[in-house]
Amino acid sequence: MTSVELRNVTKIYEAAARRGAPTAALEPVSISVADGEFVALLGPSGCGKSTLLNLIAGLIPASSGRIEVGCKPVVGPGPDRAMVFQQPSLLPWRTAAANVRYGLQMRGTNTAAEQRERVAWALDLVGLTTFADHYPHQLSGGMQQRVNLARAMAAMPKVLLLDEPFGSLDAITRQQMQSELARICSVTTCTVILVTHDISEALFLADRIVVMTDRPGRVRTTATVPFGRPRPEEVRIEPRFVELEHQLWNSLQTTDPPTAAGGAI
Amino acid sequence: MIGDTDLSPPPRQPWSRREPSKRELRIISALAVVAFLILWELSARHRWIEPLFTSSPSRVFTAFRELVRTGELQRNGLASLRLFLSGMSLAIGIGVPLGIVIGWYRRINAIIDPFISILYATPRLALIPLILLWFGVGDQSRVVVVFLTAFFPIVINTTSGVRAIDPQLLRVSRVFGANDMQIFRTLALPTALPYIMTGIRLAIGQGLIGVVVAEFFLGKTGIGSMITRAGYTLRSDVAMVGVLIVAASSLILTAALRFIERRLARWRPA
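Line by line, the protein sequences are chains P and H.
According to the numbering used here, the stretch in the first sequence is residues 1 to 265, in order.
According to the numbering used here, the stretch in the second sequence is residues 1001 to 1270, in order.
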């Protein structure tokens, strides 16, 4: 079953200034993500991978092409998708629990009791039950990002969209959060699309890695990661992992035009 | 070598200055005020300056007790308080909703903004003759003057508060499918609340000016007219009592608002 299907999707941003030229953020991109699959979109900064995620989230319309989630065309945000942004973007006047409840409240499809139950479940999932009543400014950057993740998980989406979720964290916290995310994804069945520029992060978490070119973004190549999920921390030092890391690094470096088929490594 | 490290504090640089503590600064401020009062009292007692014009702390205090004894201060104070409260509640009651509406709807803002900008740039006290013409001599005119002075800080702060929504939070709410009304309730209002409180705090000072001016020109009662009458009759001590009452009210009310502001913003980093 395909969960997310992108066919020849392009995005051209209208010129901001009157005399400026419109910018092509994405050249035709086609990606198909299976149900329950974890796909990482890997590419340099500004390659349009976040644009791609915003398109799937339904926050911005595509200039052309077709985007389907669960076989239904995307026309806007929907309850089948939830997103985690790079910035924790928590409501500063709400406690952690109230922030997690925010998404459910906006949808208004659950009773108050169901909402409470889901909030408790999501906070437990990210290990923040004891911090439920803390305000965002009382939490560390890593904890804030956990709340952000819990807010998305509480909505029980079919597709979880992660936009460089650990990009603003320090290296140690980032690695801890990657393990945490791997664990969380293993207990749920949702499809995950992760945008990152961190090769090791993509290899540690994803089933499949889509390498994108510089702006305008295209699919340069696709790599299947030969490890089961969730992966132990030690996988990072396995020879195969290191080798793949090196190959992905090289494919990010190359300036050759992408192969027509968007072939595998 | 670690053993050789000199751990004694570096020699004090001649140009380095010790930062004074908060407590020390408060004591200095208090002493300055006391010194001023003593100097004022002495200059009046020794007739360095004619006390008919400057009065003196002791005379002001005596006048204060006299005014309380006759009930004149209470009567005028109450009249001013009522004027202040009517004008302020009108300013809050109209300013906050209007600020929210023009902050939220850009088109309505385009209609109303020129008028607010023009009126804000006008010295509103110059409108008193017109207000007198429109509303007559009486309570109405005075309330309008107070309203006009207190209204602008409130409406302007409320408007910018509603507009201060974090665009990142806006994206979050859109991802979760929030509609405009939900975004207004869950993002715009909480964002605007501290701005509104600041607007009201600023309006208190302006409103008190409005009260005094309104009573100068348009009233027979109130602290403002008490000050005017005292001036005409060369009672500088009574005038000083009036001025001090207004100043004290402003300080107390502003401090109270600050306290409420802090209580409402517990979620903010200290």
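Rather than coming from a laboratory, the hints here were simulated on the basis of the structure.
As the structure is a computational prediction, the values presented were derived from the model and not from experiment.
C-beta atoms are modelled at their ideal positions from N, C-alpha and C, and glycine is treated no differently.
Errors might be hidden in some of the hints.
[Claimed, not checked] Listing some non-contacts, in silico: residues in chain P with all C-beta distances to chain H over 12 angstroms:
1) R7
2) A120
3) C190
[To be verified] Pulled a few chain H residues facing chain P out of the computed Cβ check, cut under 10 angstroms:
4) L1133
5) V1137
6) G1138
7) D1139
8) Q1140
9) Q1168
10) V1172
11) G1177
12) P1190
13) R1263
14) W1267
[Unchecked claim] Computed far set for chain H versus chain P, every beta-carbon distance over 12 angstroms:
15) P1097
16) A1110
17) A1126
18) L1170
19) L1264
Checking the smallest CB distance to chain H, is C190(P) really beyond 12 angstroms? 15 angstroms, holds
L1170(H): least C-beta distance to chain P exceeds 12 angstroms? 10 angstroms, violated
Exclusion check [A120(P) not at the chain H interface, CB over 12 angstroms]: 19 angstroms, holds
Holds or violated: is the Cβ of G1177(H) closer than 10 angstroms to a Cβ in chain P? Status holds, d = 5 angstroms.
Given hint Q1140(H) near chain P, where the shortest CB pair must fall under 10 angstroms: Violated - the Cβ of Q1140(H) stays beyond 10 angstroms from chain P, reaching only about 40 angstroms at its closest.
Holds or violated: R1263(H) as interface residue toward chain P, Cβ cutoff 10 angstroms? Given a least distance of 13 angstroms, the restraint on R1263(H) is violated.
Does the claim that R7(P) lies off the interface hold, with its Cβ farther than 12 angstroms from every Cβ of chain H? 23 angstroms, holds
Given hint D1139(H) near chain P, where the shortest CB pair must fall under 10 angstroms: With a closest approach of 40 angstroms, the D1139(H) hint is violated.
So, as I understand it, the hint says V1137(H) touches chain P; can you test that by seeing if any CB pair is closer than 10 angstroms? For V1137(H), the interface hint is violated, since the closest Cβ of chain P sits about 47 angstroms away, which is over 10 angstroms.
Does V1172(H) meet its interface restraint, that is, does its C-beta lie within less than 10 angstroms of any C-beta in chain P? 5 angstroms, holds
Restraint satisfaction for Q1168(H) [CB to CB of chain P, less than 10 angstroms]: Since chain P brings a Cβ to about 5 angstroms from Q1168(H), closer than 10 angstroms, the hint holds.
For the hint on G1138(H), does the least C-beta distance to chain P fall short of 10 angstroms? 44 angstroms, violated
Hints 4, 5, 6, 7, 8, 13, 18 and 19 from the list above are not met by this structure, while the remaining hints are.
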